[in-house]
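Undergrad: In terms of our numbering, the sequence shown has 19 at position 19, counting the first letter as 1, and numbering is strictly consecutive.
No wet-lab data here; the hints were simulated from the structure. Ideal placement from N, C-alpha and C gives every residue a C-beta, glycine not left out. Fair warning: there could be bad hints in the mix.
Stated by the list, open to error - Think about it this way: if two alpha-carbon atoms lie no more than 27 Å apart in a straight line, the pair counts; the simulated BS3-like pairs of lysine-lysine are: (1) 142 x 196; (2) 190 x 66; (3) 6 x 71; (4) 143 x 169; (5) 112 x 71.
Unchecked claim - Label-pair restraints from in silico Cβ distances: (6) 49 x 102: 13 to 21 Å; (7) 173 x 87: 32 to 40 Å; (8) 173 x 82: 33 to 41 Å; (9) 48 x 10: 21 to 29 Å; (10) 117 x 24: 35 to 43 Å; (11) 22 x 86: 38 to 46 Å; (12) 43 x 144: 33 to 41 Å.
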Amino acid sequence: MVENNKTPNEFTNYIVNALKLSPSNTAILCVDCQNGFTERCPTELPVAGTTEEWIDQVNEFLNLMKDKDFKIFASMDDHPENHISFEKWPPHCIKGTYGNQLFINTYDFVIKKGEEIDGDSYSAFYKDIEKRIESELDELLKKHKIENLVVLGLAGDVCVIATIEDALKRGYRVFPVSEYIKAVNKKDIKEIVEEKFGRII
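Sequences and hints are given; from them, build the entire structure.
TA: Given below as structure tokens:
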């Protein structure tokens, strides 16, 4: 767990120097960093705390990590109109809309999920969890010999925790950056992880 109360530069130095994580086997995984989950889109699914200042900090951190040659993987909801998830959640991240767009400005790979009307997945490792249709994420990570994942994004208690769970099942070491994860229930990712797994990862 990468703790709070650090600047983007301090987070970067902590990951590289204290945790000793290397770009040769470590990647950044940005879970659903889309406008539709931020305060930019109040009629979609805005997560509290996703201010412009927070978005700027996320981008500063990613740019610093990119400068150190870490690969950045970005997952995203890519929903059609009348998507099945809109029975539970407000319409969000619809193809071709502002809400669908990523708010991060640097990434190497984009992994889309929830593209079919009747299929959805919280985890970035699946396109459709009910049909067990996997996304290309695991294949890409293995191709690039990634063993460690530095995870951030939205929302901590929904798609982020589902992605963390599937990453752990696949044997990846996971390092959530709590400062850059916001949750619908407003809990810190450390608390969410403890509730889910009964331990800190």
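Undergrad: It remains to establish, for every hint, whether it holds in the given structure.
TA: Okay, the hints, checked on the actual structure:
1. 142 x 196: OK: residue 142 and residue 196 at ~26 Å, within 27 Å.
2. 190 x 66: Satisfied, since the Cα-Cα distance of roughly 25 Å is no more than 27 Å.
3. 6 x 71: holds (22 Å)
4. 143 x 169: holds (18 Å)
5. 112 x 71: holds (17 Å)
6. 49 x 102: 13 to 21 Å: Holds: the Cβ-Cβ distance is about 18 Å, inside 13 to 21 Å.
7. 173 x 87: 32 to 40 Å: holds (36 Å)
8. 173 x 82: 33 to 41 Å: Holds: the Cβ-Cβ distance is about 39 Å, inside 33 to 41 Å.
9. 48 x 10: 21 to 29 Å: holds (24 Å)
10. 117 x 24: 35 to 43 Å: Between residue 117 and residue 24, where Cβ atoms are some 40 Å apart, the hint holds.
11. 22 x 86: 38 to 46 Å: Holds, since residue 22 and residue 86 (Cβ atoms, about 42 Å apart) stay within the stated range.
12. 43 x 144: 33 to 41 Å: Taking Cβ atoms as reference, residue 43 and residue 144 lie about 37 Å apart, which means the hint holds.
The structure meets every hint from the earlier list without exception.
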